[in-house]
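Using our numbering, you'd call the opening residue of the sequence shown number 30 and step up by one each time.
The calculated EDC-like cross-link candidates involving lysine to aspartate or glutamate, where the alpha carbons are at most 16 angstroms apart (straight line), are:
1) Lys-85 - Glu-67
2) Lys-95 - Glu-67
3) Lys-84 - Glu-67
4) Lys-80 - Glu-67
Restraint ranges, calculated between C-beta atoms of paired labels, are given here:
5) Ala-39 - His-96: 33 to 43 angstroms
6) Gln-83 - Ser-57: 28 to 38 angstroms
7) Gln-91 - Gly-43: 31 to 41 angstroms
8) Gln-88 - Val-33: 50 to 60 angstroms
9) Val-44 - Met-69: 33 to 43 angstroms
10) Met-90 - Ala-39: 40 to 50 angstroms
Since the hints were made in silico from the structure, they are not lab data.
All residues carry an ideal CB built from backbone N, CA and C; glycine is no exception.
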Amino acid sequence: MMYVLVGILALLAGVALGFFIARKYMMSYLKKNPPINEQMLKTMMMQMGQKPSQKKINQMMQAMNKHMK
30 MMYVLVGILA LLAGVALGFF IARKYMMSYL KKNPPINEQM LKTMMMQMGQ
80 KPSQKKINQM MQAMNKHMK
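Turn these sequences into a full structure, and let the hints guide you.
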């Protein structure tokens, strides 16, 4: 009975620790490699039929960076 309880606690601790390690790794990965850059944003806007100005691109990048933090 005691071995089962210790096993369950070890399993829960391992799952929690794995979750936090994976979360930290993904956050650092996304900081180093942002999913969208200015060139991608400009291309997407042109594909949607918009004429992207640098001001609009900067505003959208700031909004996305603010959302990521």
